[in-house]
Every structure is written in structure tokens, then in C-alpha cells.
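Position chain B relative to chain A; hints supplied.
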Amino acid sequence: AQTVTQSQPEMSVQEAETVTLSCTYDTSESDYYLFWYKQPPSRQMILVIRQEAYKQQNATENRFSVNFQKAAKSFSLKISDSQLGDAAMYFCAAGTYNTDKLIFGTGTRLQVFP
Amino acid sequence: EAQVTQNPRYLITVTGKKLTVTCSQNMNHEYMSWYRQDPGLGLRQIYYSMNVEVTDKGDVPEGYKVSRKEKRNFPLILESPSPNQTSLYFCASSSQWPGGNQPQHFGDGTRLSIL
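So the protein sequences, as listed, match chains A and B. Start counting the first sequence at 26; every next residue gets the next number (this note's numbering). Start counting the second sequence at 714; every next residue gets the next number (this note's numbering).
With the rest of the complex left out, here is chain A (with noise of 0.2 angstroms):
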């Protein structure tokens, strides 16, 4: 079965720094995508980042990168220079060609500090 496991319900980071979110999974497929969504209090649910795991490079999108340690089943997400508007719930996924579905963590609640 796959699994997505985030071990920090919360974090927090003051304005400016940079913070870490974390991410595993499991799955026995070979060919996966992996996703970072976020979730502000508006309930929206937006692509941050996403992964193909075939890719050894880490993906990166403006301030939001990925640590991507296949071998470990881990995939973090780093935000930098943190702004008051990147405090919401980050959502960790997976899916795979062999499923026809997306499996979610249970999230990491960021909060931003001034």
C-alpha cells in the first residue's frame, strides 16, 4: 500500500528565515510523482512543487525547493526567505501510474511570524 507520512503537525519560522517541512512516503513502484500543495485560510488548495521521481535533480520553484532522497523515501520541502503570506496548511502527495489516485499526508500547519 502507499503511504505519505508528515511527522510535524506544526512548525513555525520567523519572517525572512528559511524553514523545512518533511515528508515520506512508501511505495513499491518504481515510477511516481511526488507534490507539495498549500492550503491558506481561503481552503484553496494550490500546486507549491511537484517531483518526478525519475528525476535525480530537485525541483525548484522561486523561493520553494524539494530535497528529494529516493533511496530514503523522503521528500522535504524547504521555503525560503519566509513570508507572512506563506503561513497555511502544506499538504505532502504522492501518486503513481500503477494507481489511479493521489495520496495525501495529513499536513504540516506553518506558521509565520513577523
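Treat the hints with care, since some could be wrong.
Claimed, not checked - Covered by chain B, per the in silico footprint, the following chain A stretches (three or more residues, Cβ under 8 angstroms): (1) 62-74; (2) 126-134.
As the list claims (entries may be wrong) - Restraint ranges, calculated between C-beta atoms of paired labels, are given here: (3) M763(B) <-> S55(A): 18 to 24 angstroms; (4) D821(B) <-> R134(A): 18 to 24 angstroms; (5) V727(B) <-> N83(A): 47 to 53 angstroms.
Said to hold, decoys possible - A short list of chain B residues far from chain A (calculated; beta carbon distances all over 10 angstroms): (6) P721; (7) Q758; (8) G771; (9) K778; (10) S800.
Keep in mind the hints are simulated off the structure, nothing from the lab. In this text the structure is predicted, and so the values were computed from the model without any measurement. Where a beta carbon is used, it is the ideal one built from N, C-alpha and C, also for glycine.
Leaving out everything else, chain B in the frame of chain A:
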């Protein structure tokens, strides 16, 4: 504008009163899905549809029904709602399977309260 539209956004109702949450997408997407979000549990898939007239159960299908008569619409039906179905519901769509290169587009969510 490309979007997934859910209605209603909020609903308070009573046990046993049938309700339908509508979902419509304007992107001609093949794949549509319903999730429920509960504190501490993340998002869990209820049902999904790979195409018109093709639906399948997700991880938590009990108490729910869906239909896909048209490509753009994927309503979620609660025939006899119970309090344990109080939750935040999301509809999502994508051009291919959700774990692929094309990301899912989510609706704005429907907050359901069953008394």
C-alpha cells in the same frame, strides 16, 4: 478562466436528508475526483472517475454515490447523510491520472455540517 466549480460552499443539514454537491470543470479534463478533508487525516479520496460513465471507489466510499453522465460534471450524492460525514469536501480534475505530470485542479471546497 480554467476552473473547478463546487456548489454549495457551505451547507448545514440534518441526518437522513438527501443532498447533492455539484462539481463542474471547464477544462475538458478526463479525470475527476472527490476528496474529504478531516483534521489530522489529510485528504482522503472518496470516488474518482477516469471518463464518462466510468467511476470507481477511492479509500472512503461508504455512504456516498457519484455519477459521471457528462465529462464536465461529477456530482457527489449523500443519500442518507450522517453526522460522521461532516467534513470539508473537495472536487478535483486533471487531464490525466492524478499522479502524473499534469497536476490536479481543485475546487474551492464545500463545508458540510450534518446535524
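Report task. Take the C-beta atom of V727(B) and the C-beta atom of N83(A), compute their distance, and say whether it sits inside 47 to 53 angstroms. Result -> For V727(B) and N83(A) the Cβ distance comes to about 50 angstroms; the hint holds.
Report task. Verify that the Cβ of G771(B) lies farther than 10 angstroms from every Cβ atom of chain A, and report whether the claim holds or is violated. Result -> Violated, because the least Cβ-Cβ distance between G771(B) and chain A comes to about 6 angstroms, which does not exceed 10 angstroms.
Query raised in the report: Is the nearest Cβ of chain A still more than 10 angstroms from the Cβ of S800(B)?
Result: Consistent with the label, S800(B) stays out of reach of chain A, its closest Cβ about 12 angstroms off (over 10 angstroms).
Query raised in the report: Can we trust that K778(B) is non-interface, i.e. its beta-carbon lies farther than 10 angstroms from all of chain A?
Result: Since the minimum Cβ distance to chain A is about 18 angstroms, K778(B) lies beyond 10 angstroms and the statement holds.
Query raised in the report: Does 18 to 24 angstroms hold as the CB distance between M763(B) and S55(A), or does it fail?
Result: holds (22 angstroms)
Query - 18 to 24 angstroms as the expected CB spacing between R134(A) and D821(B), which holds or is violated - result: holds (20 angstroms)
**Report entry** 10 angstroms cut-off, C-beta based - P721(B) kept clear of every residue in chain A
**Finding:** Holds, because the least Cβ-Cβ distance between P721(B) and chain A comes to about 14 angstroms, which exceeds 10 angstroms.
Query - Given coverage of the stretch 126-134 of chain A by chain B, tested with a Cβ cutoff of 8 angstroms and a minimum of 3 residues - result: Held - the stretch 126-134 of chain A has 6 residues with a Cβ nearer than 8 angstroms to chain B, which meets the minimum of three.
Query raised in the report: Beyond 10 angstroms from chain A, beta-carbon-wise, is Q758(B)?
Result: violated (5 angstroms)
Query raised in the report: Has the stretch 62-74 of chain A got at least three residues whose CB is nearer than 8 angstroms to a CB belonging to chain B?
Result: holds (count 5)
Hint violations for this structure: numbers 7, 8, all remaining hints satisfied.
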